[in-house]
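> Using the sequences and the hints, build the whole thing.
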Amino acid sequence: MRLFEDVSVGDEIPVRSKVVKREDVKAYADTSGDQNPLHQDDDFARVVGFPGIIAHGMFTMAHLTSAISAWAGGPSALLGIAVQFRAVVFMDEAIEAGGTIADIDPHTRRATLNVWVRVHREGVTEYPIKSSSAKVQLA
Amino acid sequence: MPLNRELIGKEYGEVSFPVDRDRVTRFARAIGETDPIYLDPEAARAAGYAEQVAPPTFPTVLQITTSGQAVVDPELGLDYSRVVHGEQRYDWRRPIVVGDVLTTTPRIADIFAKRSNEFLVIESEVADADGETVVVARSTLISRGTGR
Chain V
2 MRLFEDVSVG DEIPVRSKVV KREDVKAYAD TSGDQNPLHQ DDDFARVVGF PGIIAHGMFT
62 MAHLTSAISA WAGGPSALLG IAVQFRAVVF MDEAIEAGGT IADIDPHTRR ATLNVWVRVH
122 REGVTEYPIK SSSAKVQLA
Chain Y
-18 MPLNRELIGK EYGEVSFPVD RDRVTRFARA IGETDPIYLD PEAARAAGYA EQVAPPTFPT
42 VLQITTSGQA VVDPELGLDY SRVVHGEQRY DWRRPIVVGD VLTTTPRIAD IFAKRSNEFL
102 VIESEVADAD GETVVVARST LISRGTGR
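Those protein sequences? They're chains V and Y, same order as listed. First residue of the first sequence? That's 2 in the numbering used here, and the numbers climb one at a time after it. First residue of the second sequence? That's -18 in the numbering used here, and the numbers climb one at a time after it.
Be aware that one or more of the hints could be misleading.
Calculated from the model, a selection of chain Y residues having no Cβ within reach of chain V, i.e. all distances over 12 Å [stated by the list, open to error]:
| id | residue |
| --- | --- |
| 1 | P(-17) |
| 2 | E(-13) |
| 3 | G(-10) |
| 4 | Y(-7) |
| 5 | A11 |
| 6 | E23 |
| 7 | A35 |
| 8 | P76 |
| 9 | T84 |
| 10 | F93 |
| 11 | S97 |
| 12 | D109 |
| 13 | D111 |
| 14 | G126 |
Computed footprint of chain Y on chain V, listed as stretches where at least three residues anywhere in the stretch have a Cβ under 8 Å from a Cβ of chain Y [as the list claims (entries may be wrong)]:
| id | region |
| --- | --- |
| 15 | 65 to 72 |
| 16 | 100 to 111 |
| 17 | 116 to 128 |
I should point out that these hints are in silico values taken from the structure, not numbers from a laboratory. Note that this is a predicted model, so its numbers are computed, not measured. C-beta: ideal position from N, C-alpha, C; glycine also.
Right, dumping it as structure tokens:
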């Protein structure tokens, strides 16, 4: 686990980036059980007004959780997360997950992070996840 | 159409879910996990876990059955074609591992409106075979209004 002494308010966790691939979203649909056609069928997605299928919000959240867990020193250090889904993610886009230490409680040695996922799309930065937070146990 | 507020507090049928290795491995691969504790039982044990670890958002696999029951409840009056996943919260007590048998009784924690949208909050406290809470999952589904 990450040491309490090594963490300060304002610190940023390393940004974790990955490109969203169609085959991963398909695999996610199969293993999560969420078979909504919005995540699998381009024609269906176009009827709803998107240029193609979108990733599951939970797929994007899983990437964010990986980033926080890797920084914190593993899943045992994760206490909680609360995210808001604010924008969609299309195939072959790079999602970047990150966060900033917002608060540290010296008594419980718990850190609260402001966390987000962003994508750069046509010169604009969109936030599929924003105004979200996570709680981590420090050692 | 507004959702039926009388259903706040309603509980649905208990869901039981054995956590098997194949499902955990496929889930970890699908989300791009590279930490071997999620893929290999030996690596997980070497890192101090009892068994291969399920990624923290793995409880989502229960949500199709937990939230699913509310979504199709005719008393609720939800039009699923208008629904988007608005918020998700997890409060973890310990990592889930292969071999855990999880049970949960989902309930409608809240229903409220913001502008023309209706919000449905479903909470599932997930317990292990000993009855100890493993994670509390809280999903907010948004039923988009017609803008009027």
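> Are there at least three residues in the region 116 to 128 of chain V whose beta carbon sits under 8 Å from a beta carbon of chain Y?
Result for this restraint: violated, n = 0.
> May I ask you to check that S97(Y) keeps its beta-carbon over 12 Å from the closest beta-carbon of chain V?
At about 18 Å from chain V, S97(Y) clears the 12 Å cut-off, so the statement holds.
> Taking C-beta pairs only, is P76(Y) more than 12 Å away from all of chain V?
Per Cβ check, P76(Y) is inside 12 Å of chain V; nearest 4 Å; violated.
> Beyond 12 Å from every Cβ of chain V: is that where the Cβ of Y(-7)(Y) lies?
holds (17 Å)
> Does A35(Y) clear chain V by more than 12 Å, comparing its Cβ with all Cβ atoms of that chain?
Answer for A35(Y): violated, closest chain V Cβ roughly 9 Å.
> Are all C-beta atoms of chain V more than 12 Å from that of P(-17)(Y)?
Correct as stated: the minimum Cβ-Cβ distance to chain V is 23 Å, above 12 Å.
> Quick one: work out the minimum CB distance from E(-13)(Y) to chain V and report holds if it exceeds 12 Å, violated otherwise.
About 27 Å separates E(-13)(Y) from the closest Cβ of chain V, which puts it past 12 Å; holds.
> Does the no-contact call for E23(Y) survive, Cβ to all of chain V over 12 Å?
For E23(Y), whose nearest Cβ neighbour in chain V is about 16 Å away, the distance exceeds 12 Å, so it holds.
> Determine whether the non-interface label on D111(Y) survives the test: each CB of chain V must be over 12 Å from its CB.
holds (18 Å)
> Beyond 12 Å from chain V, beta-carbon-wise, is D109(Y)?
D109(Y) is indeed farther than 12 Å from all Cβ atoms of chain V, at 15 Å.
> Would you say the region 100 to 111 of chain V counts as covered by chain Y, given the rule of at least 3 residues with C-beta under 8 Å?
It is violated, with 0 qualifying residues against the three required.
> Grab the minimum beta-carbon distance between T84(Y) and chain V and tell me whether it stays above 12 Å.
holds (17 Å)
The structure fails to meet hints 5, 7, 8, 16 and 17 from the earlier list, while all remaining hints are met.
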